[in-house]
Amino acid sequence: MSRLPRGCHNIGGDQAMVMERCRKAFLSRFSSFGYRPFQPAGLQLLDVAWNHLPGSLRSRIIPVNSSHGEPCCLRPDLTLAAVAYLASHHAPHERPLRLCYADKVFRASQRPEKDVEHFQIGAELLGWDGEGADSEIIYLLLCTMEALDIKDYTIVLGDVKLIQEALKGLGAGLASALAGALQEGAYETYRSIIQRSDIPVARRDILLALPGLKGGREVLKKARNLPGDPLPLDGLEGIVNTLEKLGFGTHIRLDLGMARELDYYSGPLFEVYVEKTGQTLGGGGRYDGLLSSYGMVGQAVGFALDLEKLASVSPKAGDGKPLLMAWSGGLPPAKALSLAQELTGLGIALELNWHSSRRTSIELARLRGYRWWADLAAEKVTNLDDEREMPLEMLSREGA
Amino acid sequence: MFTIALPTGRVMEDALELLRCAGLPVKNLQDCGRNLVIEEEDCRYVLAKPMDVPLYAHYGIADLALAGSDVLWESGASLVELADTGRGKCRLAIAGPEGLAERFLGHESEIMGLRIATKYPRIADAHFSARGILIEIVHLHGSIELAPRLGMSDCILDIVQTGGTLRANKLVVIDEIAPVSLRLVASRKSAQLKWERIHEIVERIREGVEGR
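Heads up: the protein sequence lines correspond to chains A and B, in order.
One point on numbering: in the numbering used here, the residue at position 339 of the first sequence is 339, and numbering is uninterrupted.
Position in the second sequence (first residue = 1) + 1000 = the numbering used here.
If you're looking for bench data, these hints aren't it; they were derived computationally from the structure.
Honestly, I wouldn't trust all of these hints.
With a cut-off of at most 25 Å between alpha-carbon atoms, the simulated DSS-like pairs for lysine-lysine come out as follows [said to hold, decoys possible]:
| no. | chain 1 | residue 1 | chain 2 | residue 2 |
| --- | --- | --- | --- | --- |
| 1 | A | Lys114 | B | Lys1119 |
| 2 | A | Lys114 | B | Lys1089 |
| 3 | B | Lys1194 | A | Lys221 |
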C-alpha cells in the first residue's frame, strides 16, 4: 500500500522542475529588495491560530496533538507565522521587517477542491508606517510574474475601506449580511438584501453600484460621480498611478466591490488571475489589524500565491532540465566525475549514467527525452535526433 | 471565445429563452443534435449534466453558467452569483409518509438517526447538522421517491415542483428547505477579466426577467 492520504500528492518530474524555477525566481526577486527568507514552524498552537485567523480559515484548521501533548494545528497560514515571529524576535526599532517564504500550508479541503496541502510563495512587509509599502510589494509581485514569462496575468485591485465606508452606520446585522454576500460573490443575494432594507436612497445607490465597479481606471471616475459622501479612493488611485508609471498599466484592473476576508484585511487588497484557471492564483493586501492583535502598531502588507497553480501557467521551456546524459563508458568513477565536473563548469547540466551497456544507456537517454548523449570515455557526443556524432570538446567549446 | 455552460434536460428551454433575451446567438444551439459543444459567432456553449454545470465555471472552462440553486449549493463551487432568472422554480424539501410529519414537529430525538434518500448528500448533511441531528444518508442518483416506498429510507430530500410524483408514491412534503430557481453564475476569473461583457448579459437578462 503506497497511496497518500486523500488531498495530498507528491510532485515530481517536469512539474517539480517548473515549480522550483518559479520558487527560485520569486525568492531571488524579493531577496534582492531586502526580503529575508523565513522558515516557519510546521506546527502552530491551536489557540493562537484560532484567535488570530479570519473565520473562513478557522473552519479549515487541521488540529493535531504535538508529541508533547500540546493542542496544535498543521500550519494553516504563513502570514500569521510571520507576524508572530516579528512580534517575538524583533524590537520595535528594528522594523520594518521584510520577509519572503516558499512553504506549505495545510487546510481542510473545500469542495469541490480536494487538496489539503498547498505550496505557497509569499512576502510580508511588516511595521512600515509611511506610504509606498503597498506599491512596493505589488510591484515586486508583478516583476516576478514578468520574470516567469507569464504573459496573460492580471492583478485586480480593491480596497476594503470603500466597502467599510459604504456600510458605515447601517447596523451590525445588515452590514455583516451585505459584507458576507459580497465576499461570497452572491450578488443576487446582496441586491435583494439592499432592496428589502430601509436604506437611504443615496447610500443604496452606492451599495448597489459597488459590485459592478469593475474594470479599468475609468471605474474610479464612476465611483467619484456616485451620490452621497465621497468614497476614500485616493489610496487606491495612488497605487494605480504608481504601477502605471512603472509600465504595468495593461495588467491592472480594479474591483471596487472586492471583499476578501473583511475581518482580516484593512486597506488596499489584490488578487492575481490568469486566463487558464477559474480561481485566483492568490492575493493579499493590507492587514494592519493582525499586527495590532499582537500589540504592534503600524502597517502590514503581504500576499501569498499558490506555487503549483503558478507553475501550471508558467512556460515549461528552460526549466533547468539537464542538457545531456553522460555515460561513464567504463571509466573509473574518479575520472568520469572529473570530466562531468568540467562540463558542468562550462554551464552544461548533465545526468551521469553508469550502466555497463552503451545501448541501454542510449535507450535510457531517449526515454528521458535528452537530445544529447555523451560517451565520456570516447570523449564524443551524439545528437540523438539525427545520430550525428562529434567530439565532446565541440560541445564544450560552444557551452550550454 | 466566450463560453457558457448549460444544463441538459428540463430547464434547457428556459435557458434558450434567457440566452435569446440576452442577445446571444442560439441558432446552432437549437439544432445541436447530440453535440455537447456548440459554437456560434464568438460564443461556445457546453452542454452538461445539471449537477456538473457549476464545475465548468469553477474551473474556469466556462465564463458563465446557468445552473439551479440546488446544484450550486450541493457542488460547493466558488462562483459569482449574478442573477436569479426566476425560471425553473421548484423547492428543495423533505418528504415522507404522512405519519412521519408528526415526528418532525416533536423533539430532535424523534428524528435522530433518520435514514434519508437523496441526490443532495451535502445539503442533507448541512441541513440536519445545523439542527444537531445525526442522520443516515442514502445517496441515490434518481427515482428518489421509490426509496421510502421500498423500505430503503424513512424519507427523502429532493426537489419538488408540483408534488405529483410525491402523491403518486404516497409521500407528503414535511419540511421545506429552500426555494430553487435557475441562476446565472460566472467563474471568479471571468467576473473580473470579462466583466464588461458579463454585465451587459446580466442587465439584459434582468430586464427580461423583471419585464415579464
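Okay, the hints, checked on the actual structure:
1. Between A/Lys114 and B/Lys1119 the alpha-carbon distance is near 20 Å, which keeps this suggested pair within the 25 Å criterion.
2. For the given pair, A/Lys114 sits about 31 Å from B/Lys1089 by alpha-carbon distance, which is inconsistent with the 25 Å threshold.
3. Only pairs whose Cα atoms come within 25 Å are accepted, and B/Lys1194 paired with A/Lys221 is accepted, the gap being roughly 20 Å.
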